[in-house]
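Student: Sequence:
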Amino acid sequence: MSRRRTSKWSRASIALAGSAAAMAAWNIYQARKAERRHPPTGRFLTIEGVRLHYLERGEGPPAVLLHGNGVTSEDFELSGVLGLAAQNHRAIAFDRPGFGYSGRPRGVIWTAARQARLLREAFAAIALEPAVVIAHSWGTLVALALALDYPETVRSVILLSGYYYPTRRADVVLFSPPAIPLIGDVMRYTVVPPLAAAMLPAMVERSFAPLPVPDRFAKGFPAGLAMRPSQIRAEAEETAMMISAAAALQDRYRELHMPVTIMAGTQDRIVDHQRHAVRLSNEVRHSTLRLVPNAGHMIHYAVPGQVIEAISGATAVPSGAVDSPPLPHLVNNRAT
546 MSRRRTSKWS RASIALAGSA AAMAAWNIYQ ARKAERRHPP TGRFLTIEGV
596 RLHYLERGEG PPAVLLHGNG VTSEDFELSG VLGLAAQNHR AIAFDRPGFG
646 YSGRPRGVIW TAARQARLLR EAFAAIALEP AVVIAHSWGT LVALALALDY
696 PETVRSVILL SGYYYPTRRA DVVLFSPPAI PLIGDVMRYT VVPPLAAAML
746 PAMVERSFAP LPVPDRFAKG FPAGLAMRPS QIRAEAEETA MMISAAAALQ
796 DRYRELHMPV TIMAGTQDRI VDHQRHAVRL SNEVRHSTLR LVPNAGHMIH
846 YAVPGQVIEA ISGATAVPSG AVDSPPLPHL VNNRAT
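At position 43 of the sequence shown (counting the first as 1) the number is 588 in this note's numbering, and the numbers step up by one without a gap.
Honestly, the hints are just simulated from the structure, not real lab data.
Think of the CB as a built atom: it goes at the ideal place given N, C-alpha and C, for glycine as much as any other residue.
Be aware that one or more of the hints could be misleading.
Here are the simulated distance ranges between beta carbons [stated by the list, open to error]:
| hint | residue 1 | residue 2 | range |
| --- | --- | --- | --- |
| 1 | Arg-799 | Arg-651 | 32 to 40 Å |
| 2 | Gly-858 | Ser-789 | 27 to 35 Å |
| 3 | Asn-839 | Arg-799 | 29 to 37 Å |
| 4 | Ile-671 | Pro-739 | 22 to 30 Å |
| 5 | Leu-756 | Arg-588 | 39 to 47 Å |
| 6 | Met-568 | Glu-854 | 34 to 42 Å |
| 7 | Ala-715 | Ala-768 | 34 to 42 Å |
| 8 | Ala-793 | Ala-567 | 40 to 48 Å |
| 9 | Asn-839 | Arg-797 | 30 to 38 Å |
| 10 | Arg-799 | Gly-765 | 33 to 41 Å |
| 11 | Leu-740 | Gly-605 | 40 to 48 Å |
Please work from the sequences and hints to get the whole structure.
Tutor: Set out below in structure tokens:
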């Protein structure tokens, strides 16, 4: 009897291992297929052993764009912000570590502060003057860390739909498991890519709600890149670190001395604008708050023109004007 049970378990284990291997092979094939469909279109540089991919357009005062979780630098191209900014600026959109075609070496905990240090070195490598830094969602934490730790590199900060204070979040529990060593590695190469693909339409709709998903995103978003096991690791790690990243920065926001523009949609279903954008504007002296009625989390698609206005306004402020009076606070685009 025991031999029969052992035999059954052995056959089941072999079948399970075979299924996992087949799924892993399929997901690797799909990842390579996605990369062939969406090859890198920008430039590369290597900083501290990390290969960074970035898009660069235009000439003029530098404007650096940092994307959120789940997307790549191409997000700013699809929204139109990169092209519009490039009309009067040297606009640069980085793939943050692990996203798009940038590496994310193991052995490093890629906190917002660690990513900020990498960006400081990247700025020096491409001879970038103090820049207006525009960041969306998770990218706002990196922008804030950069402004706080290396203020000499940042002329002004424009924050879009950011998460700035630790709060309870169900998505941290739901989407962090692929970041767990070993177990998460197995998940990323087997069950997670098809599950993520099935969930993607609903997640995208929620991000854009209450507005519809624009055609340029629906047709242009490289979903296959987001489903690669390598990028799933980056996405899961950033989800897992989301609360701690905000907690690490929240007591330092009053140290910000450069102009800060805070933009948020009043119907954002990912981040509560009152708990985050409004609260941050009350803490940061040199800040402008711009709430956009009826816009959701993907505010740069809803009002790209207003993002460009903010960039142009930030460029007009003299670099290093840390002792200038605070900018007027705006609520629903009206000065208060």
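Student: All hints are to be evaluated individually against the structure, with a verdict given for each.
Tutor: Okay, the hints, checked on the actual structure:
| no. | hint | result |
| --- | --- | --- |
| 1 | Arg-799 - Arg-651: 32 to 40 Å | holds (35 Å) |
| 2 | Gly-858 - Ser-789: 27 to 35 Å | holds (33 Å) |
| 3 | Asn-839 - Arg-799: 29 to 37 Å | holds (31 Å) |
| 4 | Ile-671 - Pro-739: 22 to 30 Å | violated (38 Å) |
| 5 | Leu-756 - Arg-588: 39 to 47 Å | violated (33 Å) |
| 6 | Met-568 - Glu-854: 34 to 42 Å | violated (48 Å) |
| 7 | Ala-715 - Ala-768: 34 to 42 Å | violated (23 Å) |
| 8 | Ala-793 - Ala-567: 40 to 48 Å | holds (41 Å) |
| 9 | Asn-839 - Arg-797: 30 to 38 Å | holds (33 Å) |
| 10 | Arg-799 - Gly-765: 33 to 41 Å | holds (40 Å) |
| 11 | Leu-740 - Gly-605: 40 to 48 Å | holds (44 Å) |
Violated hints, in rising order: 4, 5, 6 and 7; the structure is consistent with all others.
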